[in-house]
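Enquirer: As you go down the protein sequences, you meet chains P and L in turn. Positions 1 to 342 (full-length UniProt numbering) are the ones given, in order, by the first sequence. Positions 1 to 342 (full-length UniProt numbering) are the ones given, in order, by the second sequence.
Among these hints, one or two may not hold up.
Same chains, same label: a pair holds when it works inside one copy or across any pair of copies.
With a Cα cut of at most 30 Å, we get these calculated BS3-like pairs of lysine-lysine [stated by the list, open to error]:
#1 Lys41 x Lys288
#2 Lys313 x Lys286
#3 Lys313 x Lys37
#4 Lys313 x Lys40
#5 Lys239 x Lys288
#6 Lys288 x Lys44
#7 Lys286 x Lys44
#8 Lys40 x Lys239
#9 Lys174 x Lys313
It should be emphasised that the hints constitute simulated quantities derived from the structure, not laboratory data. Keep in mind that this is a model prediction, so the values were computed, not measured.
Number of protein chains: 2
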Amino acid sequence: MEVDELVCLPRLPRVAVCGGTHGNELSGVYLVRELLKMEKKVTKEEEEEEEEEEDERVSVLMVLSNPRAMLQCRRYVDTDLNRCFTRATLNGPVSDVAPYEITRALELNRMLGPKGSPAAVDLVCDLHNTTANMGLCLIAYSDCDWICLHIFKHLQREMPDVPIRFIHFDVSSKESYSLDSVGKHGFAMEIGPQPHGVVRSNVYTAMRVGVQNMLDWVRFFNSGTIFEGGFVEVFSMVKHIDYPRDRETRTITAAIHPQLQDRDFCLLHPGDPLFQTFSGETLPYKGKEPLYPFFINECAYYEKGIALSLARKRRVMIPSIRVQTEHEQESYVQEFTSEEEE
Amino acid sequence: MEVDELVCLPRLPRVAVCGGTHGNELSGVYLVRELLKMEKKVTKEEEEEEEEEEDERVSVLMVLSNPRAMLQCRRYVDTDLNRCFTRATLNGPVSDVAPYEITRALELNRMLGPKGSPAAVDLVCDLHNTTANMGLCLIAYSDCDWICLHIFKHLQREMPDVPIRFIHFDVSSKESYSLDSVGKHGFAMEIGPQPHGVVRSNVYTAMRVGVQNMLDWVRFFNSGTIFEGGFVEVFSMVKHIDYPRDRETRTITAAIHPQLQDRDFCLLHPGDPLFQTFSGETLPYKGKEPLYPFFINECAYYEKGIALSLARKRRVMIPSIRVQTEHEQESYVQEFTSEEEE
């Protein structure tokens with residue numbers, strides 16, 4: 001790629017902001033509720049004023065993804081909703097006794113997708129919290145989705161007081177499992193540390209400002225602003241590490257070492273303290289390569305067998321971008337359609 | 001009370017250490033499991049060695065209070081176990097369809113009580129975690145239980161790096177509702193901040209050292225050590241404050257203000273920021289008296305309508321104490337029995 005290359009990308013007329021995909025991650029729950037309240041107010045005012053033209057606005061769809069789990073203040077009722085958006089699950093058979101979240105995933109796919117189709121919303125921003133000290137992270141399946149990476153760059157520039165990082169999970173579109181994979185572009189906005197079932201003002205505010213900046217960026221982009229390219233840092237997931245466990249009972253026998261706790265994105269070297277057993281012994285990191293830990297001691301991952309994840313840090317060159325003209329847009333639609341038919 | 005008074009109190013031969021009363025408060029769960037493992041080992045070694053005399057030891061009963069909730073990593077299954085130990089509930093009728101925790105409370109009362117009877121264990125230490133930044137707190141129903149207050153003083157002296165406080169809930173023995181009320185003496189050992197469903201090494205270690213020091217104190221006491229009296233600080237609970245809520249839906253409309261979050265036991269003055277609404281507005285504390293906040297933003301109290309609790313700080317004079325001689329003990333038993341019969 002040439003550094004001064006200018007990539008032209010389709011408009012993003014439809015954006016979805018989703019909260020409560022995990023019912024006990026409360027920043028997103030309360031933020032989406034607040035946005036819905038504001039939307040009601042704004043719509044009323046607009047009806048009265050009838051001033052703005054519809055073309056200039058972005059249609060923002062606010063979604064509370066898992067209302068049953070929200071009601072119980074639990075991550076999920078039957079199964080983790082944010083693992084239900086693989087092509088296999090979305091296209092599989094559904095019975096009357098299907099887990100609630102499977103049924104709900106199909107509903108959301110009809111509402112925001114269908115995944116992989118031209119009808120899907122242009123961008124899904126799915127709001128999450130973590131108990132790990134991760135600051136604000138965008139998590140996506142691609143390291144070459146210029147829309148997501150430019151939004152990341154924009155947030156970093158606009159929110160200098162919040163540590164903002166981009167995490168890349170190298171999973172194919174077919175295998176991708178999370179709600180944000182339903183949009184043409186999509187990412188999870190993950191903010192921590194915050195205990196699940198709790199809302200902390202500072203975390204809520206970071207999310208509110210993050211979403212506001214994301215929507216501002218989309219409006220700038222749609223209205224023709226050129227965004228300069230450059231290098232960005234991307235953390236690419238390499239592997240997960242489980243807790244030490246009792247062979248028979250499978251209960252954990254150690255916790256994250258106090259010297260590692262809360263040090264997400266600080267390089268972990270071979271030999272560094274990793275766990276502290278419940279009898280007080282230190283267990284070191286036995287990997288051969290220094291890597292960047294994240295999701296350190298995330299509450300919901302005890303049951304998934306993940307004590308922390310490890311990433312490699314890379315520099316990724318992103319091109320300058322601007323929105324396509326109407327003419328360019330038409331030829332893109334043809335291209336997209338023929339690709340899909342292959 | 002004379003400052004140099006020496007109060008003689010009965011021996012404490014039986015102590016219960018309970019974890020998992022709330023199934024997702026993991027420090028206690030893993031600590032009791034670890035103590036049970038060590039006990040197994042020690043018992044084996046003792047069997048082999050047959051050296052120590054039984055009289056010199058304290059019998060420590062380790063209890064996992066709510067195994068079903070632990071299995072699901074939830075606070076409780078049907079109802080909050082730690083509200084089930086009132087005399088009314090313990091003496092009420094039980095049906096086959098009683099909530100699990102009621103049945104379990106009766107079991108625990110048979111095991112550690114019966115509450116208020118001479119057969120009850122001498123001391124119950126019930127282990128808890130909070131998402132609030134409270135350090136290590138002993139919570140009890142009495143501000144004149146010299147055993148509990150001397151243990152508190154001992155922990156403060158032995159653990160200078162951990163902030164340790166004593167909280168007093170002024171509730172009668174009859175109305176007292178928590179597991180620790182089943183013992184002749186009892187307190188909750190509450191440590192935070194730690195998200196529920198997560199174990200943090202530093203919090204686990206503080207609890208381990210706290211329990212160790214508590215048991216050491218009991219052994220010193222039983223063997224005749226005189227503990228000097230003096231003044232201690234006690235936080236007496238005055239009232240709870242709920243979150244601002246939507247009148248119709250009852251959902252919360254604000255979070256703890258960022259300037260108050262994590263500032264447990266820092267004096268809150270009238271007019272100080274208390275909440276921040278989800279639209280960004282600050283709501284001040286409207287009380288007339290400066291008070292000490294605690295349990296600020298405790299996860300489990302959203303459903304109980306408690307955003308924080310407020311306490312008054314008092315100095316309490318505690319006397320010097322030592323264990324009763326055998327002769328004194330006998331007359332105490334008579335006294336206790338006749339009191340019970342009143």
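Enquirer: Just pull the numbers of the violated hints for me, sorted ascending.
Expert: Numbers 1, 3, 4, 6, 7, 8 - these are the hints that the structure violates, sorted from lowest upward.
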